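Protein chains in written order, with my numbering: chain F, 4 to 107; chain Z, 12 to 488; chain S, 28 to 464.
Since the hints were derived computationally from the structure, they do not count as laboratory data. Because the structure is a prediction, the values reported are computed rather than measured. Careful, some of the hints might be misleading.
As the list claims (entries may be wrong) - Simulated restraints, written as ranges between beta carbons of each label pair:
#1 S:ASP412 - F:PRO88: 23 to 33 Å
#2 F:ASP37 - S:LEU415: 54 to 64 Å
#3 Z:GLU448 - S:PRO308: 19 to 29 Å
Backbone N, C-alpha and C fix where the C-beta goes; we use that ideal spot for every residue, glycine too.
Single-letter residue listing:
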Amino acid sequence: MSDFRRMAATHEIPLGEMRSFDMGVYNIVIAHTDCGFFALRDECTHDSAAISDGELDDGEVVCARHGARFDLTTGAVKAPPALVPIDIYELKIDGEDILVRVDD
Amino acid sequence: MADIINNQKHDLSRFNDDYTAKYGFHDPVDYFHKGARGINHEVVEMISRMKKEPLWMTDRRHKALDIFLSKPTPDWGNTKLLGEIDYDNIYYFMKPIERQQDSWDDVPDYIKKTFDRLGIPEAEKRFLGGVSAQYESEVVYHSMQEDLKKQGIIFLDMDSGLREHPEIVEKYFGSVIPSTDNKFAALNTAAWSGGSFIYVPPGIEVRAPLQAYFRINAENMGQFERTLIIVDKGSRVHYIEGCTAPVYSTDSLHSAVVELIALEGAYIRYTTIQNWSRNIYNLVTKRAVAHRNATVEWVDGNLGSRLTMKYPCIQLVGEGARGEILSVAFAGVDQHQDAGAKVIHVASNTSSRITSKSISKDNGRTTYRGLVKIHKNAKNCKVSVECDALLIGEQARSDTYPTMEIDNDRVRVEHEARVSKVAEEQLFYLRSRGLTEDEARLLIVNGFMEPFTKELPLEYAVELNRLIALEMEGSIG
Amino acid sequence: MKQTELTYTLPDLASELLEGPTWLNRQRQSLRESFNSLPLPRRGLQLWRYTDPSRFMVETASNATSVNGTFKAARSAEQQHLAEGRLAGLVTDITGREIAVHGLDEAARSGLLVMALSEAAKSHHALIEPHLYSLVNAQTGKFEAMNGALWQDGVFIHVPDGVVIDKPLHLLRQIGGAGSSAFPRLLVVIGKNAEITLIDEYGGGPADDSAGFAYANGVVEIVADEDSRTRYIALQRLAAGTRFYQTHRARIARGAQMLTIPLAFGGTLSKQNFGVILDGPGAESEMRGLLFGSGQQHFDNHTLHHHASGQTRSKINFKVVLRDRALSAYTGLIRIEKSARGCEAYQENRNLLLNDGARVETIPELEILNEDVSCSHGATIGPIDPLLVFYLNSRGIPEREAVRMIVSGFVADTLKHVPEDIRERVAGFVEERLGNL
Chain F
4 MSDFRRMAAT HEIPLGEMRS FDMGVYNIVI AHTDCGFFAL RDECTHDSAA
54 ISDGELDDGE VVCARHGARF DLTTGAVKAP PALVPIDIYE LKIDGEDILV
104 RVDD
Chain Z
12 MADIINNQKH DLSRFNDDYT AKYGFHDPVD YFHKGARGIN HEVVEMISRM
62 KKEPLWMTDR RHKALDIFLS KPTPDWGNTK LLGEIDYDNI YYFMKPIERQ
112 QDSWDDVPDY IKKTFDRLGI PEAEKRFLGG VSAQYESEVV YHSMQEDLKK
162 QGIIFLDMDS GLREHPEIVE KYFGSVIPST DNKFAALNTA AWSGGSFIYV
212 PPGIEVRAPL QAYFRINAEN MGQFERTLII VDKGSRVHYI EGCTAPVYST
262 DSLHSAVVEL IALEGAYIRY TTIQNWSRNI YNLVTKRAVA HRNATVEWVD
312 GNLGSRLTMK YPCIQLVGEG ARGEILSVAF AGVDQHQDAG AKVIHVASNT
362 SSRITSKSIS KDNGRTTYRG LVKIHKNAKN CKVSVECDAL LIGEQARSDT
412 YPTMEIDNDR VRVEHEARVS KVAEEQLFYL RSRGLTEDEA RLLIVNGFME
462 PFTKELPLEY AVELNRLIAL EMEGSIG
Chain S
28 MKQTELTYTL PDLASELLEG PTWLNRQRQS LRESFNSLPL PRRGLQLWRY
78 TDPSRFMVET ASNATSVNGT FKAARSAEQQ HLAEGRLAGL VTDITGREIA
128 VHGLDEAARS GLLVMALSEA AKSHHALIEP HLYSLVNAQT GKFEAMNGAL
178 WQDGVFIHVP DGVVIDKPLH LLRQIGGAGS SAFPRLLVVI GKNAEITLID
228 EYGGGPADDS AGFAYANGVV EIVADEDSRT RYIALQRLAA GTRFYQTHRA
278 RIARGAQMLT IPLAFGGTLS KQNFGVILDG PGAESEMRGL LFGSGQQHFD
328 NHTLHHHASG QTRSKINFKV VLRDRALSAY TGLIRIEKSA RGCEAYQENR
378 NLLLNDGARV ETIPELEILN EDVSCSHGAT IGPIDPLLVF YLNSRGIPER
428 EAVRMIVSGF VADTLKHVPE DIRERVAGFV EERLGNL
């Protein structure tokens, strides 16, 4: 189990927006909604598009390329053409810091 | 046209201000009078009203139109030809039986010649040539419907399917191919008309293949057919559409959507032979979902059209599911067959096989675009892909772009492709046995296509062979 | 919400880059302009389907010149080989800035020319100008334009007509430390009937990216004249904290033969593009690639065999071994032009996955515009055959040893073609990666 890594400050991701973070060979996207912050793998399971290029809508992220939707909390598929859930990462807020547990 | 309007019972209670506000138009009926070309929210509204659809379908159409308008034309594939499509110059709401052709004289010569050579009967000729509006025998249709009804099988055109079984349609329509999937799926979702709706209840084996009730049916030759087939647990069905004889249409854009759902243990085989006339752009999205222990087979023959883009897809989402795609493409003068196959393994212990045979002749061009995707939790999957291309003549062209994305190690994936011309040695051998060069070449081409032709019902196989013979002769087009 | 598009332009070229002859400076300026006007390749399309192009965007060529322990050891080892008469010469290239040529005397007598590219641009203008940027330039892509504008010094090799160099020439390239970027460049011009073996070895970089990645964006251009025979071996053994981008293009003329061996083991992100253009009847090209990925390495490789002329033959065998969570993306294109009759082209890509978690993407592509062709390709993906392991177990060979044997067998026929000079080391890299499996 790896440690939590500091990704950004809470004010760096405005409400309703997403930011993508370069983890070396893949990206993690952090979304900010009314329900808080969520961390997911920035790669749609349908055709590998960056979901950070998409939109947030009602607790879901909508991929810009073909309209697939994923639940921000669980990563579950909410609309086709995706078939497989997207990886999610444990996230916690420590003061002003957003921390994410990243697998190694 | 005026007659039709007068005879329609307009449901004016459905005309509500929301549409004005949302889509910015006032009276859709006026629009219809103008016989306008092009697609917009008025046209979509008219299509839905004429068919008396439930509001949820109307709403989906409008949303899909917005998606169609916002998506760009694909920047891959034959972008030159795709760029030639003039969306504003197409009639989107003509009912298929109201297709208006001027006269037999307008039907291209190469089509007429093919009819003669294939021995197509007079009445069929006129229908296929778009000159006469209908070709069906009421009596035969009704007796077949009686048989099916007894078994609880629903086999209707899609418009009727929506009318009579809205709950089933609402559940499955767009569940496999959402309107956001691609520009042409969005267009089809907005403007769809005709196509087949089939539901087979559990535990039934449909013995005879279901055909769009003869080989020819106006509802299945529309521009924007929408087909939805649901086969419930343990049932089996074979559906056939199309015909090898060329079909002439002045509508140059054909964009169908076919969704198949094979529930647990079900079997679906969907056979298509398409030979659209050479002015047509045939852009189809076909996709199937196979649940646990289900099997889906696409048998796909692409002969005509100016440009076909079609990649039948099977998503294996339940353990033990199996998929097979067998496709043949023949590209002659000025044609581009851009076809392929896609299999997505989501569940473990699934297997698939893709066999693609393509032939390019004269300056024809065939392209194979394939995808084999195995997700990380789909263990013990086995896939084999074989793509063969035959080139005939100096100008022929063949491209192969097979993609394999494998995310776990418990797999066996094998892919093989070959491109060649008709082998000299084979020709020489056959000629030494007394065949002429043409006869020898034809024999080799038939042998090349044999894995496909042997899967067709006899009458199709016979006609396909005759058609290939004509194409090889070069006396057509 | 959408990420902003990464926009970046190259500022005015540093004065030290503009110390060359006018024709070269003009080319650099033009390439800089091309870079600035070319958009970043679109993610998800064709060659960039599996790798995010923004990962290769670097600020500018930086000044870090680092020579670490590994490099010194490698250099000593090669100098030893040189002393033993096993090499025709040794060239060291430190972060694309410092080029040094060692031990060439004997080979130089035959006419072999090996020197720094910036020098050669001045002194051997007639050899350089027609060939530099002829195969890799702005048309190839944005990152190639970047190298074209920013390379500081490179290596130039010329083998005159009829000259046969029977011992390999070894290039030892070192890239810099964290946060640095290097733009190595190599131009090789081989004369009619000449023969040469080149070992092009890339090493260096920080052990991890905790202080940032080290970047290298390299270009190799090889022009081989009629009936020449060339072996080009690219050995990539960079440290983990590196991101490596390389484009290689060779054009071979009538009757020429070329063997290209791409070997890749290092870096966190490595994208290499090898291409051979067969430009005259009788030309033959063979490629034998091998990569072994471990940890979270991401390899993205592209090979091209372009048959511009009829009566040419090509063959490619690309092997991939992966463990842990490594990823290999491979796109191999065979293209046969309309006018190219009577060509033969074969391609095979075999992928061996040693555990769950490794990922393979492979796209063997064909674009065939002439019917008179014999062309096929194949790809396989799978784990080690459990039956084979069982068989070895039953012969008293423990699992780990069995896996080692099977992988050695898998890579054996590729290693066979690797020059003796580095063969043992390459086998060692494979060994090392099998490690604690």
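Hints the structure fails to honour
none
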